[in-house]
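A.B. asks: Residue numbers (my numbering), protein chains in the order written: chain A, 1 to 329; chain B, 1001 to 1329; chain C, 2001 to 2298; chain D, 3001 to 3298.
Note that these hints are calculated values from the structure, not bench results.
Careful: at least some of the hints might be erroneous.
To be verified - Derived SDA-like pairs (lysine to any residue); straight-line CA-CA distance at most 20 angstroms:
id, chain 1, residue 1, chain 2, residue 2
1, B, Lys-1296, A, Asp-210
2, D, Lys-3092, C, Trp-2087
3, C, Lys-2067, C, Ala-2023
Spelled out, the chains give:
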Amino acid sequence: MLTPEMSVDMRTYLAHVELANPITTAAGCAASGDELSQFIDLARLGAVVTRSITMAPRAGRPTPRMAETPSGMLNAVGLQGPGVDVFLESELPRLVERGARAVVSIAGGSVAEYTALARRLADAPGVAAIEVNLSCPNVEDLGRVFARDPAASAEVVASVRATMRYDVPVVAKLAPDVADIVAVARACVDGGADALAMINTPLGMSIDVDTMRPSLAAGTGGLSGPAIRPLAVRCLWQVHAALPGVPIVGMGGVLTGRDALELILAGACVVSVGTALFHDPYACLRILRELEELLKERGFERLADAVGLAHRPPGAGPRQRIDLEESSL
Amino acid sequence: MLTPEMSVDMRTYLAHVELANPITTAAGCAASGDELSQFIDLARLGAVVTRSITMAPRAGRPTPRMAETPSGMLNAVGLQGPGVDVFLESELPRLVERGARAVVSIAGGSVAEYTALARRLADAPGVAAIEVNLSCPNVEDLGRVFARDPAASAEVVASVRATMRYDVPVVAKLAPDVADIVAVARACVDGGADALAMINTPLGMSIDVDTMRPSLAAGTGGLSGPAIRPLAVRCLWQVHAALPGVPIVGMGGVLTGRDALELILAGACVVSVGTALFHDPYACLRILRELEELLKERGFERLADAVGLAHRPPGAGPRQRIDLEESSL
Amino acid sequence: MRETAVTPVQVTGTVLTTRRVDAYHALTVVAPGIAERFRPGHVVSVAVGGPHTSMPTRRVFSVHDVKPDYGGTVELVFAVRGRGTSWLAERKARDSLDLVGPLGRPYPVPRDPCACVLVGGEYGSASLFALADTLQQRGCRVDFVLGAASADRVFGALRARRMGETTTLTTEDGSLGLRGRVTDALPAVIADARADVVYACGPMAMLRGVTAVAVEFDIPVQVSVEESMACGYGVCMTCVLPVIGDDGVTRMVRSCVEGPVFRGERVRFEDIGTIPFDALGAPGGRAQEGGAHTRNVS
Amino acid sequence: MRETAVTPVQVTGTVLTTRRVDAYHALTVVAPGIAERFRPGHVVSVAVGGPHTSMPTRRVFSVHDVKPDYGGTVELVFAVRGRGTSWLAERKARDSLDLVGPLGRPYPVPRDPCACVLVGGEYGSASLFALADTLQQRGCRVDFVLGAASADRVFGALRARRMGETTTLTTEDGSLGLRGRVTDALPAVIADARADVVYACGPMAMLRGVTAVAVEFDIPVQVSVEESMACGYGVCMTCVLPVIGDDGVTRMVRSCVEGPVFRGERVRFEDIGTIPFDALGAPGGRAQEGGAHTRNVS
Ligand SMILES: Cc1cc2nc3c(=O)[nH]c(=O)nc-3n(C[C@H](O)[C@H](O)[C@H](O)COP(=O)(O)OP(=O)(O)OC[C@H]3O[C@@H](n4cnc5c(N)ncnc54)[C@H](O)[C@@H]3O)c2cc1C
Ligand SMILES: Cc1cc2nc3c(=O)[nH]c(=O)nc-3n(C[C@H](O)[C@H](O)[C@H](O)COP(=O)(O)OP(=O)(O)OC[C@H]3O[C@@H](n4cnc5c(N)ncnc54)[C@H](O)[C@@H]3O)c2cc1C
Ligand SMILES: Cc1cc2nc3c(=O)[nH]c(=O)nc-3n(C[C@H](O)[C@H](O)[C@H](O)COP(=O)(O)O)c2cc1C
Ligand SMILES: Cc1cc2nc3c(=O)[nH]c(=O)nc-3n(C[C@H](O)[C@H](O)[C@H](O)COP(=O)(O)O)c2cc1C
Ligand code: FES
Ligand code: FES
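Next up, chain A with everything else stripped away, as it sits in the complex (with noise of 0.2 angstroms):
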């Protein structure tokens, strides 16, 4: 047991990569890095998670980019940013030299341009790791976005991870909108995904009663925020029973400290914090003290300890068994 001064060991592994703790911004959700800087030291953080970088320059989608729903969001921003040249110039050489650990996200329309990416990352220093997203859709299969498609999404991963070098560990990014997380989940380990991350934004929409036309420029967007956090947390706990051994970076609606844990008692290793910088600039660093005091007041020497607890078989009492393709009923 801790004594109140002893602080909690909060490094954790993202594959073989440690990182000093298990709080990153979420892909998208930090812009360049430049704009948190301004408030929170970024060398603090377990690791910075990039916007995903393109192999061009992308404008993005027209506005309205977004909407707000009940305790989350909508956006389509349509992965607005500088193109793979500029970032590997100016952008990553930035947070490396703030100290940060970067975990490069990257976006394709085809399984080539994922590899392309790949290989123009695959020398560049400072990349901890690479967040393979996989919520794009497809051109060669009619848009039908990747992350929906169990083979497709193993295809493009085995192929980045046979481009990067070896010691880079590769994630592959989920989204929930399918009849069945696991099965992608192991499509992508099977494909050579060396950790998982989940959950993105599943697709939604919201209608302006008053224009009486959808909210946003694009028609659809991406949930996020804490209205999908039950939909995280039981994405996170039915691919952690099912692939044990597999890291998972934790998303969606993590606003607090109580968040974060009760991601990592799902069965995350690492959580990314998203929508929650868009409401506090400091939230990171804020969750990974509330994350530590948590820790500390339940006895946890070591933040490892936690990952996936909630999953231990109950104890004497009066539980169920828990099943895992279940109804909602």
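Assemble chains B, C and D with the ligands onto chain A, guided by the hints.
C.D. replies: Below, chains B, C and D with the ligands without anything else, positioned relative to chain A:
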């Protein structure tokens, strides 16, 4: 245009069945009907959708059955109910006696069970429509939920349709946690569904960070309430765009008249109210009043003119084409 | 014993006063429709979080007191537990509060005068004073046994001392009254008072213990249970527990409408959190033999 | 003209006063860190809904005034539009408010004295008085043109009359000043004042019109734009609009960090709500020719 004194024609059609207005209770959210009738006159609703009736009485799931989440709740009630015999003997006659239009929801574990229920209901007086709750595990397919499998859903719907009297519409109720809601919707319509209802609750989970166990005894539960409204709107939008002639019962997080209008603009011609009934026993009639007011303010003479209106081609203006299969990015 | 069903109403009440009582908060709310229908044991269900709340489910509290002021007020006594009760604790005079009530089955009251022991744990005591009042008006003798973890969590000791023939206090840390639990003190109180009936409100484990004691003495016991609730008026089906009916059959009954007050020996305390195999409609149970449901998953 | 980048801070401020000003609400909040860094044109981003809010995105408002009281206060003036602003309108003195600021590119101020016309639409005028102050301290002449739909929506007419060399008011319904829009009155004001520069804050359509007038007169114009924002400090990428850079290339730039103040002629008003085909990274545009993205859907 309407003059201020005129009232909006709120009638709507569930297939060929006329309802006085579009607001109904959602399946499983109004117990037997007796409880709400302490507060409101059930005859003033468009219809009462019953809890999902099963062949045998069901005790449901163990407690805790409920956990509140941000702007939502998880439930694992597990279809607790009296079974079809008691339903036909006492619950249905009481609804009829109260002047309510009854849409009877049915749930089964196999095609045979759904069919047997349809047979029992086929001659019951006072059944305005049948809603087939497809979010049940198929005992013949390792407990895979019907609603996640287009073929299994279609089979259930076809069998119920063949069994019910021709003049009682069969409504197929779909769940959002599939990769392609349109595929399931299309299969149900091809199987003979006269209308569709969506969305049932997506599967979610929450973990109590104090006990460090799942909050629900059943582990996972269905997520409902305002949090899921963006998912409901998106499903309605996609299905109405793909199958514009099929009447849709919309539900998911409707708390106010504005929320109901949002679902109607997306394509719903009937709107069911679930979780809001736990917050406000008068919710249905309040929402109806607010909806009528909003329609009037917008110059509608008939509710029917608002159904799916957000799909109209954008007039002059800088809006982009809206794709249907899209990523969330 | 008799009971009457009342029709609940929804009231947007105005907060009249707020105060701290040891570990608890008390809110008095103007709610005439509820006050006039109230009987001891009734509860109210409160909407929390204001407009655009992120908390869609309601919170249920016992009514501590009703007063005739301003057409009728109800007082709630509560402990801060989670998000909803922290919000409630921040309410100030003149704020409005959405209440539905009175709800549930109140305490049945004996037709003829008799000796009653009222047992309260933590804020559970709150519901006992209105009951004591009614009982005393009917000529009953009332003895109190109130307990909690520590002195600041024993609610209503003073009022109990004023009203009760005797009042026994227990705390687990010994900071007030006897060190121990109410069930340790109860047998002696029942014996001394020659009690005819026991009423109890508090945590489930306490109710179980109190029921065991009453059964031992072979006297009736009425317990007011606390199950997690989302609505309070019978529509959400989340607040169930296994209760044996007059016909001997166990059913999963809603504690908000069939309860919260039950005859203690009818509540299957040891099976709470499960569906007993012999309950009506239990998976694999007799009633379901003909059905296709063989697993407890749908 | 010069500008300085400042580092924003997060402050949990205390509401000092609240008041109604015609159609608007004004809140004065103690926020020393923000007040001391403030320059005219800066905005603040406000968290709404309190603990357990259902509104995760922030709301952005111009700073109307800063005062040295209590170490530094900022005043916001706002119209109730949706859920967040209705919540803000209910704040009372002593409530606390989470502010981040100062944010954005403030109004650039001329090095040498010159004649400036300040044009405000609706609550957009709120940001102009601090600017006028600074300009006058530098010996500039300031003329105001303020407009709105109706008299109660014209903000700051009195103060403009006190400060401005001239003040012209316009309302669309003619209930105050000239019937019409600010752009109807602007040419004459520019001509009379022999203006060297125009500053404008208000609805997008107004800014577009003001820019056209300034271009006509061939004088610089600085506009403060309003795009829907979720954070206000550059991380959400939702507040973009097409702006032409010094290199002649159009980029989708964030109005919260690169703006909200832009040179009017650089903003492609007619293309707001689209991605202009010649913007950097536009779908199918030159920059993407080499890439695999051929549709604007990912
Ligand atoms: C019949 C009855 C009478 C009660 N009387 C009192 C009283 O007089 N004073 C008092 O302090 N408390 C009383 N409670 C408990 C009170 O309802 C809970 O403390 C309260 O709901 C917790 O809300 P929260 O927002 O703080 O917690 P949260 O955990 O945020 O609540 C989340 C959800 O769970 C439900 N919930 C959580 N805990 C309980 C619980 N113990 N009982 C019922 N629902 C729960 C809430 O209603 C809500 O829907 C009573 C409960 C019941 C069932
Ligand atoms: C640079 C700038 C300065 C502003 N200054 C003022 C001011 O001084 N006074 C004033 O009354 N208003 C001002 N606004 C507009 C103000 O931000 C919106 O009225 C407000 O955000 C609406 O919030 P709501 O909760 O009422 O509406 P909702 O529709 O509930 O807001 C939902 C979401 O959309 C965003 N949003 C909606 N409308 C706008 C909008 N017009 N601009 C930006 N975000 C929006 C909100 O930030 C929020 O994230 C300014 C906006 C910007 C961009
Ligand atoms: C504005 C915005 C932009 C995002 N951009 C990306 C992105 O570029 N790549 C990606 O993989 N996920 C992206 N996401 C998804 C987040 O990384 C995260 O998976 C999701 O928002 C859920 O976490 P949250 O609820 O904490 O925001 C974005 C989310 C938001 C809100
Ligand atoms: C407590 C509870 C019980 C439910 N029971 C059923 C049911 O028996 N059958 C069914 O088809 N849907 C059931 N549902 C789903 C609702 O009918 C509805 O589809 C869903 O809750 C979304 O609507 P809402 O957000 O308005 O609640 C239930 C939902 C809740 C919250
Ligand atoms: S609390 Fe909803 S049925 Fe009892
Ligand atoms: S408002 Fe978030 S980037 Fe501008």
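A.B. asks: Is the Cα-Cα distance between Lys-3092 (chain D) and Trp-2087 (chain C) 20 angstroms or less?
C.D. replies: Holds - the C-alpha atoms of Trp-2087 (chain C) and Lys-3092 (chain D) are around 17 angstroms apart, at most 20 angstroms.
A.B. asks: What's the verdict on Lys-2067 (chain C) and Ala-2023 (chain C), does the C-alpha distance respect the 20 angstroms limit or exceed it?
C.D. replies: 23 angstroms, violated
A.B. asks: Straight-line Cα separation of Lys-1296 (chain B) and Asp-210 (chain A) no greater than 20 angstroms?
C.D. replies: Roughly 13 angstroms between the alpha carbons, so the hint for Lys-1296 (chain B) and Asp-210 (chain A) holds.
The structure is inconsistent with hint 3 alone, although it conforms to all the rest.
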